[in-house]
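Participant: Using the hints, position chain C against chain A.
Quick note, the sequences are listed as chains A and C, same order.
Numbers in my numbering are just positions in the first sequence, counted from 1, shifted up by 174.
Numbers in my numbering are just positions in the second sequence, counted from 1, shifted up by 131.
To be clear, the hints were calculated from the coordinates, so they are not data collected in a lab.
Glycine included, each C-beta is placed from N, C-alpha and C at the ideal position.
Calculated from the model, a selection of chain A residues having no Cβ within reach of chain C, i.e. all distances over 12 Å:
no., residue
1, I303
2, W336
3, I460
4, I465
5, A471
6, A472
7, R478
To give a feel for the contact side, a few chain C residues facing chain A, derived at Cβ under 8 Å:
no., residue
8, D199
9, L200
10, N344
11, G352
12, N367
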Amino acid sequence: MGDFFTVSVLVATLASGIRLATPFLLAGLGETIGQRSGVLNLGVEGVMLLGAFTAYYVTLETDSPTLGILAAIMVGLMMGLVYAFITLVMQAEQGISGIGIYLFGLGFTDLLFQKNVGTPIPISGLGDIHIPLLSDIPKIGEIFFQHSLPVYVAFALVPVVWFMINKTTFGLNIRAVGETPEAADTLGVSVNGTRLITILIANTMACLAGAALALEVGIFQQNLTAGQGFIAIALVYFGAWRSYGVMLGALLFGIVQATVLQWKTLGIVEGATASLTAMAPALLTIVVLVIVSRRVAAPSALTRPFDRSG
Amino acid sequence: MKASKTRAIASAAAAFALVTSACGSDDAADEPAAEPPAETEAAADEPAAEPAAEPMKIGIVAPSAENDLAWSQSMFDSVNRVGEGRDIEVAISGGLFVVEDAAAALRGYAEDGFDLVIAHGTQFGGPLQEIADDFPEVAFALGTSTDFFGKDNIFAYSVDAGQGGYVNGVMAAQLTASNVIGVVGPVPAGDAKLYIDGFVAGAEAQNPDAEVNVNYIDSFGDVQLASEAAKAHVANGADVLTGTAQMVVGATGVAAEEGIPWFGTQSNQTDLGADIVVSSQVYHWEIVLEQMLDKITAGTLGGEAFVISFENMGLEMEYNDGFGLDASVRASADATVAGISEGTIEVPAGE
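So here's chain A without its partners, still in its complex pose (with noise of 0.2 Å):
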């Protein structure tokens, strides 16, 4: 244990904890816009794992990640609308369409990787940016400010989350059809419109989420995202549908995983004692998950359609 305790080692746990995170804050934060407006999405791992193959191939095909994550953030917009669609016109049960549109980004990826590509081809993924006088901070600098582009954007939409959701009109908006969709239809608030826009934006970001980790790791495969949509999903509710809370979540979720996966390296824990001490993060999320749920309520209009007509 003492090997684990030296300042390089503690130094290169925070910073694989921080880059584990980012898909589940990326996607999770989307997820709370969604939510908070009274939508659940339980497709977000289809909608990663689209976000995730376009990035992957388009890279692939251009050489440019750039374009890959342009290529993904569009995806997410159409996905944005299809699931406005399913949701908004046609009213459709949320928890089964979720599952729906899983299962579509789930096979539908690996249609489209075994026609188009086939055998796992390396792609150059977007490389760390050093963030210019703070990388150069010992230790602080390697934690925080040596990663690449997804990670700064995941954490710099965390307090824009919450300044749109807290201060904006548009956010007091988001609430108000999450909460009393009806109340808000009277003051003249488009409960359809302000969901078909919190819709686009969490599918956009679950796709965000999906390329960023297609880039990170340099590669696809089927089921890349292996549950991190819904470990994102899980997050929303640890989070109590805050920004900061859904942060904290996926930190604590990434950390955890980092912290396990040094243990193992350095013989720390083996065996069936690793095989237990894998299951920490989960098990850590489904204990904060209770105490969550005694304490703060999902939004009242969560997975309610909102027909005008009564």
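Facilitator: Okay, now just chain C, sitting in the frame of chain A:
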């Protein structure tokens, strides 16, 4: 009326999603059944031609894509090699990492009258036992496994992956300058554990001062976790890496990024890093597949276990010419392979 119409459309959309997902995960490579030859009038004095034997139908269920450059690809490539010398029809259901889905596919192949149904994944052993009982006239194969559960219609197949692991370990111990070697594994079971145990033994035998750190990430499919595990190894000073299973593409990316030599297994992984892949232990399952097919033809549907190894040429070391491996290191590897084949080098079994 509106609500029921809405539900109908939503149901159709969900069904479309399910069908599309089924298309993605089930990449059947069925060849169309040969059409019966057109009937012709035979001359009275010509003997009637014997009907052509139908090709043997092989169904494969695998937990990852058949072109994953790892576990599933090893079987796919092997079946293709069998097809070069035999008349076979092959159907593959890859990407079935959910055991229940794999079980449905196994049952489907059995119902469709396939001659040999291969469950290419240890995790499929549980449902396979039940399915085999329901189809006593169908031959099944389970790998990796040495246990055919006492069923006379299940073949078990496994690989002495520790042998190639040992050879890779011998080479890795000579290439490391920091004396720290990193291993990224999935779950400590099956051929993964055999390979890694053999690798550790080979490295320690070649260089007792080498520290080999093993990290089982407890997942066969989490690519990001494999990537971070590799980065953790690098952070701890590893300058040589290896790993096994389908998530290993995450680790090879780190190796390529850092310019660190990589040793592969299951399939030739040179495509994952032309500059850094040193060698790969390649599985030749066709060695045992041919035996199974012969036995099925003779009427034996199972009840036997097979192992591929250097001795029976079921394992082969393939080297990447692009890496520029030192001749002396290569020679030591060749000598190790020969020693294992001849029995003069014994690969210790892991714990």
